[in-house]
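Chain residues, written in single-letter form:
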Amino acid sequence: MRRTFSILLRNPLSLLGLILVSAVVLSAVFADFIAPFPLHRGAVVDFANFNKPPEWPYIFGTDLVGRDLFSRILYAYRISLILGVVVLAIAVPIGVAIGLFAGYLGGWTEYVLMRITDVFLSIPPLVLAMSMMGLLEPTLTNGMIAVTAMWWPWYTRLVYNLARSEKEEGYVLAAEVIGASKLHVMFREILPNCVPSILTKMTLDLGFVILIASSLSFLGLGVQPPTPDLGSMVADGAKYLPDSWWLTVFPGLAILVAVFGFNLIGDALREILGAEQ
Amino acid sequence: MKSILKTFAAALVAASALTAVTAATATVASAETVLRLDEVAVGELDPGKASDYADSILMFNVYDTLVIPNQGAPGHQGHLAESWTADGNAFTFKLRPGVKFHSGNPLTAEDVVFSLDRMKALGSGLSYLFEIVDKAEAVDEGTVKITLKSAYSPFVASLVRLPIVDKKLVMANLGAGDGEMKDWGQAFLSGNDAGSGAYKVTSHNPQQETVMAKNADYFLGAGAKAPDTVRLRYGLEAATVRTLIAQGEHDISSQWLPPEVLKSLAGDGAQLLTESGTSGFYIKMNTTKAPLDDVECRLALANAFDYDAGIKMVAINDTVSQGKPSTGAILVGMLGANPAEMANKRDLDAAKAHLAKCKYKPEDINLELSWIGEVPLEERFALLMQANFAEIGVKSEIKKLPWALFSEQVSKPENTPNISQLFVSSVTGDPDTLLYGMYHSSAKGTWQSPEYLQDAEVDKYLDEGRTATDDAGRGAAYSALNKRLVEIAPSIYAYDQVAVFAASKRVSVPALTDPAKAFNLSGFGFTFRLMEMNE
Amino acid sequence: MPPVLRLLAKRLGTSLIVLIGVSLLIFAIARVIPGDPARIALGPNATAEAIAALRERLHLDDPFVLQYGYFLADLARGDLGISLYTNRPVTRDIADYLPATLELVIVSGIMMVALGLPLGVLSARYRGSWIDHVVRMVTLLGVSAPSFVWAVILMLVFAFYLPLFPIAGRISDSYTISSVTGFLLVDTLIAGDVKAFGNAAWHIVLPAFALALSGIAQAARLTRSNMVETYERPYIEMAKSYGFPEKRIAWRYAFKPSLIPSMTIIGLDFAAMLGNAFLVEAVFAWPGLSRYGVAVILRKDLNAIVGTVLIISAMFLIVNVIVDLLIAFINPRIRYSQRAS
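Here the protein sequences come in this chain order: X, H and Y. Start counting the first sequence at 3; every next residue gets the next number (the numbering used here). Start counting the second sequence at 2; every next residue gets the next number (the numbering used here). Start counting the third sequence at 496; every next residue gets the next number (the numbering used here).
Don't read these hints as lab results, they were simulated from the structure. Take these hints with a grain of salt, some might be off.
What the hints assert, rightly or not - Interface residues of chain X toward chain Y, partial, derived using beta-carbon atoms under 8 Å:
(1) Leu107
(2) Trp110
(3) Glu112
(4) Asp120
(5) Val121
(6) Pro126
(7) Pro127
(8) Arg190
(9) Pro194
(10) Ala240
(11) Thr250
(12) Gly254
(13) Leu258
(14) Arg272
(15) Ile274
Unchecked claim - With a Cα cut of at most 27 Å, we get these calculated DSSO-like pairs of lysine-lysine:
(16) Lys150(H) / Lys95(H)
(17) Lys54(X) / Lys518(H)
(18) Lys54(X) / Lys264(H)
(19) Lys54(X) / Lys150(H)
(20) Lys325(H) / Lys54(X)
(21) Lys751(Y) / Lys169(X)
Note that the coordinates shown come from a computational prediction; the quantities given were computed from them, not determined experimentally. Note that the Cβ used here is the ideal one computed from N, Cα and C, for glycine as well.
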């Protein structure tokens with residue numbers, strides 16, 4: 003673990019990723035202290051300063067009711083990170099377990115589990131999440147539920163494919179020959195070999211969950227105003243292009259920075275964990 | 002590896018060559034004039050179902066009606082009807098001879114009767130305007146007699162919303178359905194034109210675009226400078242419209258562009274077209290639920306609301322704004338309205354005085370301020386109200402409601418939010434169609450009436466407006482109504498809406514630029530035959 | 496029966512079962528959405544009687560199982576009902592809008608494979624060099640923003656500030672092309688109108704690229720990391736020590752096996768594209784099915800929701816069958832295990 007971390011620090015790209023991710027996490031956690039206008043995260047109007055291009059003290063400009071965009075982006079990071087972490091914490095264990103059972107056990111278990119997975123995978127993710135959000139009231143919790151519902155099958159599919167090719171590898175056969183239990187083989191032999199792929203996907207996915215949540219917000223199906231949300235900021239701002247460019251560009255860049263950071267780390271992690279095997 | 006790269010390079014070269022070819026051919030000059038405009042999807046072509054702005058534009062151009070609104074003056078004039086007489090609850094219309102549908106069939110009294118029956122049978126769109134009709138008969142080929150169930154003096158004004166369809170053509174194209182009339186031609190009319198109007202539909206896709214061509218045989222003659230082809234596009238994004246107009250690829254925007262975008266377009270040299278006096282922005286209070294069941298609390302809010310800030314918020318420049326000061330429940334210029342000088346003003350002292358008389362304590366109040374998700378402008382008004390009400394010590398919460406959810410919630414008073422924001426228009430230009438649906442106790446609980454107002458005096462004046470036969474009597478009833486509606490404040494009358502459209506200089510639209518040529522009917526300014534192309 | 500056909504038959508069979516599952520899932524979701532579809536369809540001024548009549552016609556008051564039964568019976572006749580949003584048969588709406596979306600997604604898919612795989616191979620082949628770093632940076636950036644952000648940026652830069660490409664639509668107004676397949680790129684060629692073909696191709700570049708960007712990046716990333724991984728496997732070392740030519744090692748022993756995970760993901764990406772298409776379609780006013788799909792979901796247009804989702808899912812399943820068949824060709828182990836079962 004420490005070795006992994008020191009390798010991450012040595013590579014300039016992953017170092018950049020660590021810096022970006024730390025910056026995002028820190029600004030989310032300490033938004034109350036960093037934000038120049040902490041009250042602007044909520045329902046505040048300042049019509050004297052509305053729709054201002056970036057200028058001091060509004061370094062990212064102001065929105066259409068005069069709120070500081072920079073402050074709002076910091077608070078939006080908080081929401082995005084909570085959403086990302088919770089979604090993955092629920093979706094990954096479910097997806098991985100189903101994938102292992104289906105891939106290793108085969109037969110009817112595989113058939114039933116994979117057909118259910120296929121049903122979820124056969125509906126384009128956004129459409130599935132949209133249908134769910136149409137059904138539920140648009141709140142943060144329900145947003146998490148909808149995104150989780152569309153997220154677990156990706157892990158099932160990934161682990162399923164890995165498990166299917168791993169189970170014919172020599173080391174699995176060896177374990178079976180010496181009489182290891184099925185659970186042992188799945189979780190002790192096959193799972194460790196899937197970890198690099200799962201971890202890579204998870205780091206990448208932290209970014210992608212933020213992306214998907216922003217797409218949902220683009221449809222008006224995400225976190226509700228006045229709570230700041232990067233996706234709805236981009237979507238609402240896009241109406242005012244190209245003139246009020248800051249309304250779209252800064253929240254868009256904020257998404258880019260966060261996701262880019264997670265991607266850089268995920269990428270490096272993949273290299274390192276792959277090399278250690 | 003190398004070969005992959007080579008293929009990729011070849012593809013790139015091919016792609017850029019294509020771009021060059023098409024760029025060169027994109028400037029094919031054409032002699033005929035084309036007008037391009039946009040509206041929100043869907044464009045409903047079936048005139049019996051027309052209700053929103055896009056539908057109305059289609060209906061007013063593809064179909065004709067018995068009467069049309071006067072230009073530059075209130076009231077209406079004959080169109081397909083040359084003249085009419087009223088005898089109690091019966092109206093007799095003489096039709097203009099020689100009018101032909103696009104199909105070549107002559108337009109007769111049979112068609113009028115059929116259109117009215119069809120409208121009533123479908124029961125959607127604005128058909129509620131004709132529920133009052135008992136029966137329609139063709140007296141002879143050129144005479145129609147319409148009998149009402151009860152007295153309804155603005156009936157002739159309602160006829161601007163009765164498009165006449167080609168009975169013969171529709172009957173030849175009935176789709177599957179039960180009963181003698183099967184589907185009343187719904188399948189056919191949703192994609193085809195059975196009208197007599199100044200424009201014929203050449204292609205129609207409800208989500209994408211309707212293309213119309215000038216009808217050379219129109220009975221009033223085709224305007225020489227009117228566009229030869231009209232392309233009504235649906236569902237364009239604001240940024241797209243803004244760019245297309247700047248690049249000369251689009252002519253008239255919809256009215257749904259945010260003020261900032263209209264401002265940028267005007268700054269780039271676009272002209273601003275306006276339509277006013279047909280709709281208003283109403284902030285509606287649920288009068289059945291605490292604390293707004295107390296009139297003093299309602300009056301406190303109505304006095305605390307910053308009317309000037311609201312109008313500034315929708316201003317485009319110093320001369321044009323999407324809102325004009327409101328003077329009460331009735332739009333300035335309409336029958337019974339107050340004059341423009343009596344504009345609503347914020348009065349914090351009065352607000353505090355009313356609040357002190359309210360039976361609820363301000364610290365116990367937490368208002369639910371809703372806004373319709375499809376209308377982002379309302380979020381800004383919700384924020385404005387929240388700030389305004391906080392100044393008199395009233396707390397509130399903002400809630401975004403998608404239209405579908407809103408229209409479901411208002412069907413029960415207990416689910417209806419304390420405050421809803423709505424743009425309401427008079428679909429016929431008469432105060433009756435503006436106010437009856439909002440404030441009559443028999444109409445409560447629709448999307449227009451989340452106030453759930455139950456007031457005998459209001460009902461009385463509204464009924465008088467329907468039965469009084471002369472304009473003076475009706476005017477008196479509506480003035481009294483207006484006064485009462487200000488006193489009991491079921492709504493905050495935020496502003497009289499001005500629809501603002503950005504347009505290229507290629508087109509002149511007198512009806513939307515010159516008040517002396519304006520129509521007092523929402524959407525009628527888009528009568529294409531009265532527009533002029535400048536090239 | 497040859498094994499390929501048997502595999503195909505088996506795959507199609509399971510696809511059909513999955514499709515029935517999808518219809519059940521989406522049918523259930525659509526029915527519990529709050530909001531009365533009849534009230535919404537008839538508009539704000541409809542009478543209570545008209546709403547009741549429409550509810551009856553749509554069988555909305557019947558038990559769920561019965562409703563689903565009616566639906567299946569209609570579906571068997573190729574009837575998906577009437578859309579309450581456009582007032583036209585859902586099948587006709589889909590026939591109108593599907594080709595535009597498919598054209599966009601297929602062109603994006605081609606871009607994804609044609610640009611993503613070579614970039615990934617290039618990056619893996621020259622691992623650690625500046626080529627690798629540039630490709631990685633670019634692909635990482637590409638995958639780090641939602642497609643609508645890219646669409647807006649591309650539109651701003653290449654259609655607004657530098658007016659090189661058209662800003663909206665599928666083809667310029669001046670062309671009238673009679674619809675045969677609905678695919679403008681095909682129809683223009685059938686009509687023999689090269690200029691119109693060029694114009695349609697010119698229109699599709701930006702939206703397709705905006706849609707493909709994250710796919711390109713993802714395909715490149717996966718290809719790269721899988722190839723790097725296979726490069727480190729013992730059999731590559733062995734091949735190297737036997738003195739196999741570098742090219743052959745790269746292609747046959749490193750690229751082909753590393754395609755399997757890439758292709759699985761590409762299959763899934765195709766589904767994401769069908770969904771993401773609407774974000775791009777909205778920005779470029781592209782008259783496709785995704786925009787229609789969003790509109791009907793927001794309006795609780797039950798028949799249209801179910802029809803649209805079913806069609807999109809069917810498309811996706813077909814792509815997946817193709818991907819599975821390709822994988823079976825590439826990986827003999829899976830091919831043999833299929834044959835054995």
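Outcome of the hint check:
Interface hint status for Leu107(X): violated, as the beta-carbon distance to the closest one in chain Y is roughly 14 Å, over 8 Å. About 13 Å separates the beta-carbon of Trp110(X) from the nearest beta-carbon of chain Y, more than 8 Å, and the hint is not met. Hint status for Glu112(X): violated, given a least beta-carbon distance of 10 Å to chain Y, over 8 Å. Checking Asp120(X) against chain Y by beta carbon gives a least distance of about 4 Å; that is within 8 Å, so the hint holds.
Evaluation of the Val121(X) hint against chain Y yields a held restraint, the C-beta minimum of about 4 Å falling below 8 Å. Among the interface hints, the one on Pro126(X) holds; its C-beta lies about 3 Å from the nearest C-beta in chain Y, closer than the 8 Å criterion. Taken as an interface hint, Pro127(X) checks out: its beta carbon lies about 6 Å from the nearest beta carbon of chain Y, inside 8 Å. Given hint, Arg190(X) at the interface with chain Y, is violated; its Cβ is 22 Å from that chain's nearest Cβ, farther than 8 Å.
About 16 Å separates the beta-carbon of Pro194(X) from the nearest beta-carbon of chain Y, more than 8 Å, and the hint is not met. Annotation: Ala240(X) was flagged as interfacial toward chain Y, and the flag holds, the nearest CB pair being 5 Å apart, inside 8 Å. At about 6 Å, the closest approach between the beta carbon of Thr250(X) and any beta carbon in chain Y falls short of 8 Å, and the interface hint on this residue holds. Proximity of Gly254(X) to chain Y holds as hinted, the smallest CB-CB distance being about 5 Å (cut-off 8 Å).
The interface hint given for Leu258(X) is met, as the beta carbon of that residue sits about 5 Å from the closest beta carbon of chain Y, less than 8 Å. With a cut of 8 Å, the hint placing Arg272(X) at the interface with chain Y holds, because the nearest CB-to-CB distance is about 5 Å. For Ile274(X), the suggested interface contact is broken, since its CB lies about 12 Å from the closest CB of chain Y, more than 8 Å. Of the supplied pair hints, the one linking Lys150(H) and Lys95(H) holds, its CA atoms being roughly 21 Å apart against a limit of 27 Å.
Taking the CA atoms of Lys54(X) and Lys518(H), the gap is near 38 Å; set against the 27 Å cutoff, the hint is violated. With a C-alpha separation of about 14 Å, the suggested pair Lys54(X) and Lys264(H) falls inside the 27 Å cut-off, and the hint holds. Of the pairs offered as hints, the one joining Lys54(X) and Lys150(H) is violated, with about 59 Å between alpha carbons and a cut-off of 27 Å exceeded. For the suggested pair Lys325(H) and Lys54(X), the alpha carbons sit about 25 Å apart, so the restraint of at most 27 Å is met.
Straight-line distance between C-alpha atoms of Lys751(Y) and Lys169(X) comes to about 20 Å, which keeps the hinted pair within the 27 Å bound.
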